[in-house]
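Student: One line per chain: the protein sequences are F and D, in this order. Those letters in the first sequence? Residues 0 to 206, by numbering that gives the first Met the number 0. Those letters in the second sequence? Residues 0 to 206, by numbering that gives the first Met the number 0.
Don't read these hints as lab results, they were simulated from the structure. For clarity, every value in this text was computed on a predicted model and none was experimentally measured. Note that CB positions come from ideal geometry on N, CA and C, so glycine has one too. Take these hints with a grain of salt, some might be off.
To be verified - Cross-link-like lysine to any residue pairs, in silico, SDA-like; alpha carbons within 25 Å at most:
no., chain 1, residue 1, chain 2, residue 2
1, D, LYS184, F, SER193
2, F, LYS200, D, LEU185
3, F, LYS131, F, GLY111
To be verified - Calculated Cβ distances over 10 Å to all of chain D for the following chain F residues:
no., residue
4, PRO87
5, ARG173
6, HIS177
7, GLU179
8, LYS184
As the list claims (entries may be wrong) - Far from chain F, some chain D residues (derived; all Cβ distances over 10 Å):
no., residue
9, ASN2
10, SER102
11, HIS177
12, SER193
13, TYR201
Each chain, written out:
Number of protein chains: 2
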Amino acid sequence: MGNVFVSVGMSLDGFLAGPNGGPKNPLGDGGVAIHQWAFQTRAFMEHLGMEGGDSLSRDNEIAQHTFERTGAYILGRRMFDEGEYNWPENAPFHAPVIVLTNSPRIPWERKGGTTFYFASDTVEAALEKARKAAGNKDVRISGGASVIQQYFNAGLVDELDIQLAPMFLGKGTRLFDHMETLKAKLEIVEVINSPIITHLKYKIAPV
Amino acid sequence: MGNVFVSVGMSLDGFLAGPNGGPKNPLGDGGVAIHQWAFQTRAFMEHLGMEGGDSLSRDNEIAQHTFERTGAYILGRRMFDEGEYNWPENAPFHAPVIVLTNSPRIPWERKGGTTFYFASDTVEAALEKARKAAGNKDVRISGGASVIQQYFNAGLVDELDIQLAPMFLGKGTRLFDHMETLKAKLEIVEVINSPIITHLKYKIAPV
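The shape of chain F in the complex, shown without the other chains:
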């Protein structure tokens, strides 16, 4: 069975998206800058179905590994709604995606191997579906912040990757706004620095 992991970009002041987010502005004002490093990698651009990007950098290697290890994704409903408007026909997951929602609908298959499944389940039950869909690969809790916090606070995350961007956003959505401290002990696994981003990897051990 694979691991359950979070891999997410964060500004130095703790935001994963800027203010005024919405379907036409999914990362909020200024939020796209958090992911600037990714747009410079071949792996990320390819995942979006686009040209360009550096295939030789350490950043690219890390992005590539994150995509390859992932067998299924879990998304909050708001993140799905924002993406539904913006993502091109070729949705950038290329794997099963479990969407947490109170309004279930039938699965929605898109080109490129992405199928969205809608689950009005507990976070535990949704994770079980994702695990089955992922096979031997890992399950990525994609977001948004509230979904990530729920999975942490339920003690269900094994590993946390943060891409720490050298910037202040000032306002927006905080990645870690409601963390329960006693539920987990974090261990530093490795830190890899590039000129534009710092990759932090932690292992989460239950207390």
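Put chain D on the given structure of chain F with help from the hints.
Tutor: Okay, now just chain D, sitting in the frame of chain F:
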């Protein structure tokens, strides 16, 4: 003329102190764990006038360098008040300390080379006093969070060192709660990892 720098510990969820802080609990509930790495270094223990600590680790080298470079400190009034109760007779600065306050008093000299000066000045004027006191050495903006934010937002900080602790605090005082994003551009200078703490160093360039 030296640089103006901030060097501060932060939990992964962005807190520099836990909740319920006060003179008898200066780092707030759980906050001391952010500084666990420092208590394992000889440099920090020596600075506190205590025995013990590892003198050979990279963490120790970094702590030592931070003390040696600092010619003067700037503190907010609340941080001073909390320390006044807790710090031993041999105050752990060993350098001039400018305390920002609305209630000035005469300078207060303590054993070990620490003298507190009380300034009801603008942040700019207090910095000028600290620069003069520091000579060729650097000025450290020690905190608390509000003072650090004021210096950042006034465009007066040259360098930011964060000791990022692998832990969630959940509640408390956020280091970066009111940052103005357009005032500064951050560049990663270096990242040094140890098993228990991650040292992040940024250069701040005015926009």
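Student: The structure should be examined with respect to each hint, and the outcome stated for every one.
Tutor: Each hint, compared with the structure:
no., hint, in the structure
1, LYS184(D) / SER193(F), "holds (17 Å)"
2, LYS200(F) / LEU185(D), "holds (22 Å)"
3, LYS131(F) / GLY111(F), "holds (20 Å)"
4, PRO87, "holds (29 Å)"
5, ARG173, "violated (7 Å)"
6, HIS177, "violated (8 Å)"
7, GLU179, "violated (6 Å)"
8, LYS184, "violated (8 Å)"
9, ASN2, "holds (18 Å)"
10, SER102, "holds (31 Å)"
11, HIS177, "violated (8 Å)"
12, SER193, "violated (8 Å)"
13, TYR201, "violated (6 Å)"
When each numbered hint is compared with the structure, violations occur for hints 5, 6, 7, 8, 11, 12, 13.
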